[in-house]
Every structure is written in structure tokens, then in C-alpha cells.
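K.L.:
Generate coordinates for the entire structure from the input sequences, incorporating the hints supplied.
Each chain, letter by letter, is given below.
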Amino acid sequence: MEKDFSRRSFVKGMAVGTLAGYFGAAGLSSTVFKSQLLPKEKVNLVDIGQIKGLKIKVISETSWYDNNVFLNDVKKAGGLLVNQYEIPWTREGVKAGYLGDNLGGFSTYIEAELMDGKVMKILLDSGWNPHWMDKRFKEEGIAEKLAKKEIDFQVISHEHIDHFFGIESTMRHYPDIPMYVPKGFYQDGFDLLKGKSFPKANVKNDHPHKGKVTVLDSKQVNVLYPGIALMTFDVPIILRVFGEQAFVFNVKDKGIVLVTGCCHQGIISYMEEVRKKIVGGEKIYAVQGGLHISPFEDWDPQYDDLIMAFNKYGVQKIGCNHCTGFITAEKMIKAGLPVVKGTARHMSKRDIYLGNGDELVIT
Amino acid sequence: MSANALDTLWLEERKLTDLIKQPVIRGILDTLLAFAVFMGLWWVFMDPRGVLRWYTPQYGYMYIRWLLIIAIWQVYIFNFWPFKLEWMEKAHPLKKGLILIAINFAVTGLLVWVFYYNIFGKLAIPYFSWPELKKTGLSDFFSREYSSLAILMMAAIASWLSPIWPSAFENYPWHKLKQPAKGLTVFAVTFLLTTYAYLIFMHPHYRVLFYPWQEYTAAFPWWYNSFHTLSGNFNVGWIMCATVSVWLTETILERYPFRLVRSQPWRGIAGFLFILLLAFILFFSFVFFQDMVWGVSVEGAKRIMAPDWRYLHTGELAVILLTVGLVLYFYFDNWPRKFSTEVNILIRVAITIVVAVGLHWAYYKYSHQLLGTQAGYSHPQQFPMAPVILFINVMLYHNWFMDGWPGKRIKREAEAL
Ligand SMILES: [Fe+2]
Ligand SMILES: [Fe+2]
Chain A
322 MEKDFSRRSF
332 VKGMAVGTLA
342 GYFGAAGLSS
352 TVFKSQLLPK
362 EKVNLVDIGQ
372 IKGLKIKVIS
382 ETSWYDNNVF
392 LNDVKKAGGL
402 LVNQYEIPWT
412 REGVKAGYLG
422 DNLGGFSTYI
432 EAELMDGKVM
442 KILLDSGWNP
452 HWMDKRFKEE
462 GIAEKLAKKE
472 IDFQVISHEH
482 IDHFFGIEST
492 MRHYPDIPMY
502 VPKGFYQDGF
512 DLLKGKSFPK
522 ANVKNDHPHK
532 GKVTVLDSKQ
542 VNVLYPGIAL
552 MTFDVPIILR
562 VFGEQAFVFN
572 VKDKGIVLVT
582 GCCHQGIISY
592 MEEVRKKIVG
602 GEKIYAVQGG
612 LHISPFEDWD
622 PQYDDLIMAF
632 NKYGVQKIGC
642 NHCTGFITAE
652 KMIKAGLPVV
662 KGTARHMSKR
672 DIYLGNGDEL
682 VIT
Chain L
-18 MSANALDTLW
-8 LEERKLTDLI
2 KQPVIRGILD
12 TLLAFAVFMG
22 LWWVFMDPRG
32 VLRWYTPQYG
42 YMYIRWLLII
52 AIWQVYIFNF
62 WPFKLEWMEK
72 AHPLKKGLIL
82 IAINFAVTGL
92 LVWVFYYNIF
102 GKLAIPYFSW
112 PELKKTGLSD
122 FFSREYSSLA
132 ILMMAAIASW
142 LSPIWPSAFE
152 NYPWHKLKQP
162 AKGLTVFAVT
172 FLLTTYAYLI
182 FMHPHYRVLF
192 YPWQEYTAAF
202 PWWYNSFHTL
212 SGNFNVGWIM
222 CATVSVWLTE
232 TILERYPFRL
242 VRSQPWRGIA
252 GFLFILLLAF
262 ILFFSFVFFQ
272 DMVWGVSVEG
282 AKRIMAPDWR
292 YLHTGELAVI
302 LLTVGLVLYF
312 YFDNWPRKFS
322 TEVNILIRVA
332 ITIVVAVGLH
342 WAYYKYSHQL
352 LGTQAGYSHP
362 QQFPMAPVIL
372 FINVMLYHNW
382 FMDGWPGKRI
392 KREAEAL
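Here the protein sequences come in this chain order: A and L.
Numbered per this note's numbering, the first sequence spans residues 322 to 684.
Numbered per this note's numbering, the second sequence spans residues -18 to 398.
The hints are simulated quantities; they were obtained by calculation from the structure and are not laboratory data.
Please note that a few of the clues may not be correct.
What the hints assert, rightly or not - Simulated crosslink set (BS3-like; lysine-lysine; CA at most 27 Å straight-line):
| # | chain 1 | residue 1 | chain 2 | residue 2 |
| --- | --- | --- | --- | --- |
| 1 | A | K416 | L | K115 |
| 2 | L | K116 | A | K416 |
| 3 | A | K598 | A | K638 |
| 4 | A | K515 | A | K459 |
| 5 | A | K521 | A | K456 |
| 6 | A | K515 | A | K533 |
| 7 | L | K346 | A | K504 |
| 8 | A | K442 | A | K469 |
| 9 | A | K397 | L | K116 |
| 10 | L | K65 | L | K(-4) |
| 11 | L | K392 | A | K397 |
| 12 | A | K470 | A | K459 |
| 13 | A | K397 | A | K466 |
| 14 | L | K346 | A | K540 |
| 15 | A | K459 | A | K533 |
| 16 | A | K521 | A | K442 |
| 17 | A | K604 | A | K442 |
| 18 | A | K598 | A | K575 |
| 19 | A | K376 | A | K521 |
| 20 | A | K531 | A | K521 |
| 21 | A | K442 | A | K573 |
| 22 | L | K103 | A | K397 |
| 23 | A | K662 | A | K575 |
| 24 | A | K670 | L | K116 |
| 25 | A | K540 | A | K470 |
| 26 | A | K378 | A | K655 |
| 27 | L | K115 | A | K670 |
P.N.:
Here it is, written out as C-alpha cells:
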């Protein structure tokens, strides 16, 4: 042994080693046994109230028509982190597209009947390609409802291209519609709302928004009306977007119904938050909307983790679509999850899940 | 290193003299210089707002990992062969640096584009080749991402296993061989081990990555039941911690305590086990800290609640720790050196941990603006290992290839006497 090795330093070394060993062992036990060994944390549950029933109509879930064209736009621009306002999105010459345009969009129309019988009419998101969205809004009677100011408010789930860039289609009919956006919106997003155009990304809004914009943050459950709430998640998202919000409805005699745009926060994380924060959260009856799992038919073993865990939550109806992905839907069905079938109309490609014009009614 | 070492590297024998005398000023200037070069490289090659935009993130990260392991091979395994050590002493650091960096880049390109894309991926395992994967009908973008992850994991495992031979085993039992026989032997042995390790720790990830599951060609992720994820990120995390352990022991820990073992191969075996133990301590401690801050992860959840991301993040935490350790070692002369070995090491470890906490905070506060990476902690595009390892590469180029010039240079023989 070398001479600098003394008994005192050996003791010191042992002390450091023991401390390190303690953290290591603690980590190993919480890794393997998860929360089984920890006391349950106590939180104050929020009672959001109840509604009588809910009608959810898919206006458009087809955000783009050719995955490869979309991904090539992204790849050419430098990958999934590039600012969405600076990517030249392909809008011509796409065979599978709508009149050659690769862009579609995402939008959902919701009617929620309050306990006093009043029906709240809500528009979630405004799609992407204004031509496509104008057509869909007209076909489903949304344009008319907007023009008559029958729709109570619009919620933008998150700032993504396919949910927000088609804002003109809403604004041209009802420029002062009250609007809720999640915390994390960039200035670019507010500018687009106010009428700025972004020629590089081929997006504009010639009908500036004149109504009230409410920014909701993640600190609390945002109860809008009895039985209708929004939860915001501070989640980093591809194409330089940050933050997403999603609905929590509490339907009498059924349970909680979650309605999402893309669900970038992850459906399991979302359900966990609902369980943790909302009265009745342990009984989630249905989930509707994009679940952002394999939007490009890409895969990651983490998504199998998700499908294998999904069954533990006892959800009775999964009205997924959009960025959920077909591979995911096939795997979910194989895993015995109750995916609601669609009808594959209005350019929705398959009937494996809810498509454009399909409806999920919960009463 | 220790007086009874079997084999030493040119790097250990190299004597440097300070051109900038004041050590703190030199250290700060050197760190800033390395950072400036890093920012330039990041902007040209990686930044999503920059020129080539390879940080997608796996594609750019793949190159960064290979640049690192090839630098390790150049210096630790081949001891700068085919260059004569005489030339290494005499050539101007700038000239030497440019030539060695050019070789570093060229070998990386050759390995990725010729070996992986066109030989190994074409003739053996398609997921090692971007063009081959694309032929199966996968999108161009994800073909590149998936193949990049596989290729970079080879480099990641190699940067844990390769340096153990020169560092812990002192190249035993091949210490008497001459270059390039010694380098080739150690390279062949460690790369064989790397390949087996890859097949055990990473190949099962690819069983579940493709649809349908590739059950005839790869084992089921055997870690699933204990560690609650199918993702190979579980192994990525602890292997990253192991890589960091190797380099911490090699630098601020001065190969302590395993260098106290008197003879080979026992010293090497002790070193290997010590590094593995340190890796597991780092790994599970980091998991524990995250569980304390964010709550225990949930199976199937995404982002910060996902078990697989938590594992990945241990690697990210470890590499941030290593960066600070390396700055202390390279630019602040491994301060302090005046107390007993144990005290020196304890002080260094304490400094490293404290500064690393600060760096971690600064990284997540400023990287979104500065590097164009994703905001927030957890996202597939917020991948601190890429920029942090590129910064480490720059430090290695500067110190290994360029003798720390212009802060330092090699001592001429006359001065050494
Ligand atoms: Fe979407
Ligand atoms: Fe989205």
C-alpha cells in the first residue's frame, strides 16, 4: 500500500461511501417498487361540479394528408425543434392532399348540457388549412353557429400549426369570440391572432381577433362552468411549442370525460393528474381526441409502456383519433382497450377510430 | 500515474509549461475559449436555427458520440499512432491539432457512412443503416433517427469499455506490444466486448421499436419487470453513468482507490468493479433525487413522469457532473493538489458537485435561447447529452491534441532539465 493511505482517510472514505450507498439503495428501491413503499401524498381535491350530458363532434382530425411530405418539410427545415412559424410547409402538388394541399387541421365541436338545462357550445381549436377548415365548418354547421354567435367560446388546446394556424376560419365569422389559450403561447401566436402574417410558413390571418383572450396556467384546475374544467400542462412540445390544455367534464352518473387536442402531456400523465386533483377523478369514463402517441406512425418502446399501462385505468370508451396514430390504435385494440370505431368519411383514412364528422355522445 | 504502472500514455508523460502564468485567469480564459469554439461548432452543425441543423436530435448526437470515442481511441488506445511521439513533441499545437481533428472527423464519417450505413447495416442488421431502414418503408426522418440511436449506442458503450483497458489494466497483458499491434489488440478486444454489451443492453430495445415486434430476432427487454419500461433508456442511463465514472476516476479521482492494488490483472479488475459500483451509485442516486423532486415515476406516463426518461436523465445529470470535473482537471490543473490524496479528491468532488448543480440550473434556464434546444426538462428534443458532450469533445481536442495551447505548451527538453 502507498503511504498516503492512512486510517483516518479510510474512515473518511467509508463515510462518503456509506452516504453514496444510501442514496444508491434508496434509488434502487424507489425504482423497482415505485410508490408502494412511500406514504400516499395528500392533496386538496377540486370539486368541479357536474353536467347532464355531452356531445362531442369531430370536425376535422386529419391534420396533414401525407406523412412523408410533412416529415420531409420538417427534416429539410432542420428537424422537430425548428420554429413552426419558419418552416415552408408544402401546400401544393400532394396527391393524397385536399385539392393538392397537404394541410388539413384539427377541430372539435362540443355541446355540454349543464344541470339547469342550458347547453354550452364550445369550439376546440381551429385547424390549419383555411380552405379545408372553411369547408368543414360549413358542412358541419359551425360557420353558421359562429356567425350567429351561438358558440360560447373557443379553446385553443396548444399553439401547434394544425390546431391554431387555421384561426382565420373561426375569425372570419366571429372575430370577437371569447378565447382561452394555455400558458406558454409565444408572442408569434398572439400576433397571428391579431392579424400578423408569416409568409415563410404560409400562414396568415386577415380577420384580427377582437375579443377577450384568457391565458390559463397550470397552477390550478380552471373551472369554467359547473362540470366543465380545463387543465393546463407545462409541457415542451415539438416545433418549438410550449404548453397544452385539455378538458375535464364530469358527466352525472357516468364519470369523468377527458377531451383533448393533441395530449402532448401524455394520456397517462393526464389521467394521473385528474385522479390527483379532481373529485371523482378515479372514475374516468371516457377519453376523446388526439392522444399523441404515433402521429407519424413512428414508434418508441415507451409507447408500449403506455398501452400496457392504459388498461389499469378502467376507461370505458376511448374515442381517440388524430395524432394517436394507426399503429397505436391497432395495438390498443389488440390489448383489449375499448377504442370507438369511426366511419372513415370526409377524408379520414380509416374507420379504426373516430374520424371527421363522427360523434361521441355521453348521456 | 502510480509509480508501479505497467504502461503509460504519452499524455501522462507529456510535460507542459504555462504560457499564461496566473492559473485562475488562465483557467477562465481556457474555459471561455473552449466554450466559444463549442458555440461555433454547435451553430454550424447542430443548432435547429443554425447552418446544418443536425440536432434532430439523434442524428447530430450520433456524430458527437463518435467524435468522442474516436478521440479516445486516438489517444488512449493507439497513443497517437501513426504519428511519432517525437513529432507530437515538436509540431506546433495548431498544426498538430488541425491534423488530429481532421483525422477524428474523417474516421467518424467513414465509420458512419461506410461501415454502418453500407456494410454492417446492409449485410447484417438493417436498423444500423439509414438507407436500409428507409427501404423498408419507414419515413426518411425516423429511419435516420432510429439508425442514429443504434450507431451512437455502440460509441456510448465503447466509451465506457475501451478506456478501462489502458486506464485500469494499463493494457495488461499486452503492455509489452508495440504500436500499432498494441492498439489494434486492445481495440479488437474492447470492441468485441462492446458488441456483446450492445446486443444484451440495446438490441432488445429494437425488438419492440418496430411494428410488429421482432420476436424472432431479439430478446424481450429483460429489464421490464423490475424497471417498468420496455425502453432501452434504462440501459442508456446507467451505461452513461459508467462512462462518466471511467472519466471521473481517470481525472479528478486519480484512479483512486483501485490504483492501490499492487499488481495486474487485479488492479484492472478492481478498477472495472469500482467503476461499475460508482456507476450504479450515481445511477440510483440520481433516480432517487428525481423521485424526491418530481414524485415517483408512473408506468406509461410521458415526459418527466416517464420511467424511461428518468433513467435517461440520470445519464444527463452524470454528464453535467463530468463536464465540471473535466474543466477542473483540464483548465484548473486538477486543483487542489497540496493535501493528501483523499483530501484533494474530496475537495474536488465537493467543488464538482456544487458547480454541477449550478450548471444544471443554468443549462435548463438558458439552453432554449442559447442552443435552440427544447424548453423545459423533458422532451425527446431536449437532450443535454448532445451539447454537453460536444463541449467535452472540444476540451479533449484542446488538451489532448493541442497541449492546451495558447494557455500552455509542451516543455522543451532544455527547460525540462
Ligand atoms: Fe395535433
Ligand atoms: Fe400538437
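K.L.:
Take the hints in turn and mark each one as holding or not.
P.N.:
Now the hints, each set against the structure:
Restraint check for K416 (chain A) and K115 (chain L): the C-alpha separation of about 21 Å stays at or below 27 Å, so the hint holds. Only pairs whose Cα atoms come within 27 Å are accepted, and K116 (chain L) paired with K416 (chain A) is accepted, the gap being roughly 21 Å. With a CA separation close to 22 Å, the supplied pair K598 (chain A) and K638 (chain A) stays within the 27 Å bound. A hinted pair counts as satisfied when its Cα atoms are at most 27 Å apart, and K515 (chain A) with K459 (chain A) qualifies at roughly 24 Å.
Proximity of K521 (chain A) to K456 (chain A) is assessed by CA-CA distance (about 24 Å); at most 27 Å being required, the pair is judged to hold. At roughly 12 Å between alpha-carbon atoms, K515 (chain A) and K533 (chain A) fall within 27 Å of each other, so this suggested pair holds. For the hint pairing K346 (chain L) with K504 (chain A), the CA-to-CA distance comes to about 17 Å; that is within 27 Å, so the pair holds. With a C-alpha separation of about 12 Å, the suggested pair K442 (chain A) and K469 (chain A) falls inside the 27 Å cut-off, and the hint holds.
Distance check on the hinted pair: K397 (chain A) and K116 (chain L) sit about 19 Å apart at the alpha-carbon level, within 27 Å; holds. Distance restraint check for K65 (chain L) and K(-4) (chain L): the Cα-Cα separation of roughly 17 Å lies within the 27 Å cut-off, and the hinted pair is therefore satisfied. A hinted pair counts as satisfied when its Cα atoms are at most 27 Å apart, and K392 (chain L) with K397 (chain A) does not qualify at roughly 49 Å. Taking the CA atoms of K470 (chain A) and K459 (chain A), the gap is about 15 Å. The hint holds against a cut of 27 Å.
Of the supplied pair hints, the one linking K397 (chain A) and K466 (chain A) is violated, its CA atoms being roughly 40 Å apart against a limit of 27 Å. Straight-line distance between C-alpha atoms of K346 (chain L) and K540 (chain A) comes to about 20 Å, which keeps the hinted pair within the 27 Å bound. Restraint check for K459 (chain A) and K533 (chain A): satisfied, since their Cα atoms lie roughly 25 Å apart, inside the 27 Å limit. For the hint linking K521 (chain A) to K442 (chain A), the alpha-carbon distance of about 35 Å lies beyond 27 Å, and the restraint is violated.
Of the pairs offered as hints, the one joining K604 (chain A) and K442 (chain A) holds, with about 25 Å between alpha carbons and a cut-off of 27 Å not exceeded. Under the criterion of a C-alpha separation no larger than 27 Å, the hint pairing K598 (chain A) with K575 (chain A) is consistent with the structure, at around 18 Å. Restraint check: the Cα-Cα separation between K376 (chain A) and K521 (chain A) comes to about 38 Å, which exceeds 27 Å; the hinted pair is violated. In summary, the hint linking K531 (chain A) to K521 (chain A) is supported, as the alpha carbons are separated by about 25 Å, within the 27 Å threshold.
As the CA atoms of K442 (chain A) and K573 (chain A) are separated by approximately 18 Å, the hinted pair is consistent with the 27 Å bound. Restraint check for K103 (chain L) and K397 (chain A): satisfied, since their Cα atoms lie roughly 25 Å apart, inside the 27 Å limit. Proposed proximity of K662 (chain A) and K575 (chain A) is supported: the alpha carbons are some 20 Å apart, at most 27 Å. At roughly 24 Å between alpha-carbon atoms, K670 (chain A) and K116 (chain L) fall within 27 Å of each other, so this suggested pair holds.
Of the pairs offered as hints, the one joining K540 (chain A) and K470 (chain A) is violated, with about 31 Å between alpha carbons and a cut-off of 27 Å exceeded. Distance check on the hinted pair: K378 (chain A) and K655 (chain A) sit about 26 Å apart at the alpha-carbon level, within 27 Å; holds. For the hint pairing K115 (chain L) with K670 (chain A), the CA-to-CA distance comes to about 23 Å; that is within 27 Å, so the pair holds.
Comparing the model with each numbered hint stated earlier shows that hints 11, 13, 16, 19 and 25 do not hold.
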